[in-house]
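Asker: Single-letter residue listing:
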Amino acid sequence: MRVSPKITQAMAVILLGLATLLTVVVLVLIIAFVLKRGVPEISWEFLSTKPKEMGKAGGILPTVVGTVLLPLIAIVIALPMGVGTAVYLSEYTRENRITKIIRFGTDCLAGIPSIIFGLFGYIFFVTMLGMGWSMLSGGLTLAIMILPTIIRTSEEAIRSVPQAYREVSCSLAATSWETVYKVVLPNALPGIMTGVMLGIGRSIGETAAVIFTAGSSLMMPHSLNDSVRTMSVHFYLLAREGISNEKAYATAAVLVFAVLFVNLAAYWMMNRFIAKRSR
Amino acid sequence: MQETPNTPAHPQRPGQRHAGDAVATWCRDKLARYIFMAVAFSATVSLLLIALFILKEGVPFIVKVGFKDFLFASEWNPAAGKFGIYPMIIASLWVTLGAMLIGAPLGVAGAIFLTQFVPRSVMRIIKPMIELLAGIPSVLYGFMGVMVLAPFIRNHFGGPGLSLLAASIILGIMVLPTVISISVDTINAVPRTYLEGALALGATRWQSVHMVILKAARSGIIASVILAMGRAVGETMAVIMVAGNAVKIPHSALDSVRTLTANIALEMGYATGLHRQALFATGVVLFVVVMILNSLAMAAMKRKTGS
Amino acid sequence: MKQVIFALVCGGAIALSSGCGKQRIAVTAAGSTAFQPFAEKLAEQFMAEHSDIAVTIQGGGSALGVQAALSGAAQIGMADLVKLPPEAQALTSVVVARDGIAVVVNNANPAKDLTMEQIRDIFSGKISNWKQLGGADHGITVVSREAGSGTRSSFEQIVKDVVLTKDAIIQDSNGTIRETVIMDENAIGYLSHGLLNEKLKAVTVHGTACTTEEVVAGRYPIVRPVYLLTKGAPTGACKAFIDYVCSDEGQKTIKESGLIPAK
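Residue numbers (numbering that gives the first Met the number 0), protein chains in the order written: chain X, 0 to 278; chain W, 0 to 306; chain B, 0 to 262.
Calculated directly from the structure, the hints in this document are not laboratory data. The model shown is predicted, which means the values in this text are computed figures rather than measured ones. Hints should not be assumed to be uniformly reliable.
[What the hints assert, rightly or not] Simulated pairs of lysine-lysine, DSSO-like, Cα-Cα distance not exceeding 27 Å:
| hint | chain 1 | residue 1 | chain 2 | residue 2 |
| --- | --- | --- | --- | --- |
| 1 | B | K251 | B | K40 |
| 2 | B | K254 | X | K55 |
| 3 | X | K51 | B | K40 |
[Said to hold, decoys possible] Simulated restraints on C-beta separations:
| hint | chain 1 | residue 1 | chain 2 | residue 2 | range |
| --- | --- | --- | --- | --- | --- |
| 4 | W | F71 | X | V167 | 53 to 63 Å |
| 5 | W | N76 | X | V25 | 49 to 59 Å |
| 6 | X | L34 | B | N196 | 24 to 34 Å |
| 7 | B | E255 | X | V67 | 50 to 60 Å |
| 8 | X | R96 | W | L54 | 15 to 25 Å |
| 9 | B | D136 | X | V67 | 16 to 26 Å |
| 10 | W | R217 | X | E44 | 31 to 41 Å |
All C-beta atoms, glycine included, are put in the ideal place defined by N, C-alpha and C.
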């Protein structure tokens, strides 16, 4: 006896809906847990003063600065390289063995554990190149870490731009570069932004690799050569050393807001970009 | 008749390129091409550098110690020269499997539901929320696992609580945003005409989704699951905090386990010489595991779309 | 708009890389994670008096401290080991503090006193159930640090060279061990005495409690020194910091923070 398609659909919708509900509920609970414990501790003083007593008292200003600068350095390096590579692979080359190998290699490297990058960064940047525990070492290491992800998602996004768009562009006598710049990239932008968001998210949340390369100094950084502590590292050290659970949760809450802010800012920028283009 | 002084010698029609323009455009195009090539090259070189570095440190070790004493031996005691990582390989495999069993179905189901059966206005709120969660640091998930999940498991299921099960659940939750985000983007990229065509042929919404849209989005969804799997295999901090890190082969999901990544992180700061090489060799093993996973996925993709 | 953001980023990068703010002599101390919080406090106080020196404290563990001092990645290595490894013989070492290692159990655990032999048997797995010690019928959850930890190697050496059971849960810091023991009624672990609080219980070893008086008097057996290591005799800013840590003021801070002063 065949089940009516309408019943199948109802069942499917219910199952899918439940799965989504479960996902959303779990994720919301996690954020609620953090905010409930952390928000009461947040104040302007917390955000704008330096930590005292290893973080048991005072604020988290240097870590805020670190959390802004390190991912920024990483993205400034990885975004052009990643999108450029993706563009080159999809637009300027034909599908051949080399591109397949590069794609495969990129996928693999996306899977290498962060700790290995941290170790590489420690041995290569911190020790061999003599950069020491610094924002530069940390930023470079993070850039290499998120590069494969950006390449992969950019490539997916670029490939999903319909071929018809390119053909139309060609028929209007646009060169490859103009096609890329004016047609492909703007349409691939949402997908690319997903990759960038994931990259920034990973950079902000990265702990082990950052400790090994950027160090964990509690002082305000004055140059790229200074060691810096990010909020994730600060949270980790506060929580694990049992120094102050309250400050730890507060730091985590600030982190949540920071990630929220970054995401919203990215959406706003993207919407403005799309709006400008469709004028 | 008087000629107006500003009439150009060769009147231009709109869209037509002047000869000088054409040269400039050609140069710009070639320049762009070379810049992109250089960028792609340097990116590839950087990534290659890392791969080679890890191999250079790890492979000589594997050659020296031998596969049997490294991959299949069960005793890990660097001080005594014993470098068997078999228990950790098993642990990594089980933890990843468990995480994907939780994260992949929930994630893909969520992506389908959100793109097909939910009004766009709701989506506009939920998608940013999910991307927000991709940014939550792993140590926070780990800490919550320690404070909330592990005691729960210990009180209701037994064992120390810090276990394979705890690690799988936490990792499963952690990969959800990745799977959902990328799957949503992939499904949204399927041209609307596919859906409209299916509906016009009399299919229900669900039939259109699973017979047409999902097939078209399949490669992207698989890509999202692979990226998530890669993330699960490579996760370090959260696993260290909730898995217990005992070096033994798990007999049940309630046993404490140590994954390959946890092993590296716990010992990296202290390891020198042969011990450090052993950890790089572990990195090589992870590299190979990821390569195998990716090959399987690529083969699966090819077989389905091949016919 | 995009141009504005781009300009800001470039300007910020240039400003940072040229280094705004006055130049200071940099000293990096790296190593023991147990001593790190105390070192940070000492650095804070030191820098309040010496504004021309910037002391940065990194963690990574005692062994990393030894390596960093040897390779020059850090000017000062911090190590809290009972016995310094052979490669550290080339370094100049100064004892700046002593740290008792407390054996801790959950507050709900009736155990009060253990002998060294019992501790050894528990951590090696020979005694695996609390009822063997007169307690409830529950398996013992042994919690320990990772293999390269200074705390762990000191502990294992002092407790008659115990070989840790394979079933032991491994955590990566004192704090996490503390949380684990606080939450698991059947857990037993060890941690730096400076981190004890009322949420968990330290057993007495052979009748001796792990307190500052007992450690100073030499009666509590599980104690290890904290070393500051330098390549060759310390000079300049490095020497200034080490001298500060060894001074009365530094030692007073150490005592007040929960560690035991060197003398």
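Asker: Does each hint hold? Answer for all of them.
Answerer: Hint check results:
1. Restraint check: the Cα-Cα separation between K251 (chain B) and K40 (chain B) comes to about 12 Å, which is no more than 27 Å; the hinted pair holds.
2. Taking the CA atoms of K254 (chain B) and K55 (chain X), the gap is near 17 Å; set against the 27 Å cutoff, the hint holds.
3. Taking the CA atoms of K51 (chain X) and K40 (chain B), the gap is near 8 Å; set against the 27 Å cutoff, the hint holds.
4. Taking the beta carbon of each, F71 (chain W) and V167 (chain X) are about 58 Å apart, inside 53 to 63 Å as hinted.
5. Between N76 (chain W) and V25 (chain X) the Cβ separation comes to about 39 Å, which falls outside the hinted range of 49 to 59 Å.
6. The hint said 24 to 34 Å for the Cβ distance between L34 (chain X) and N196 (chain B), and at roughly 26 Å that hint holds.
7. Checked against the given bound of 50 to 60 Å, the beta carbons of E255 (chain B) and V67 (chain X), roughly 35 Å apart, lie outside it.
8. Range check, R96 (chain X) to L54 (chain W): Cβ separation about 21 Å, and the 15 to 25 Å hint holds.
9. Between D136 (chain B) and V67 (chain X) the beta carbon distance is about 54 Å. The supplied range of 16 to 26 Å is therefore violated.
10. For the pair R217 (chain W) and E44 (chain X), the supplied restraint of 31 to 41 Å is violated, since their beta-carbon distance comes to about 53 Å.
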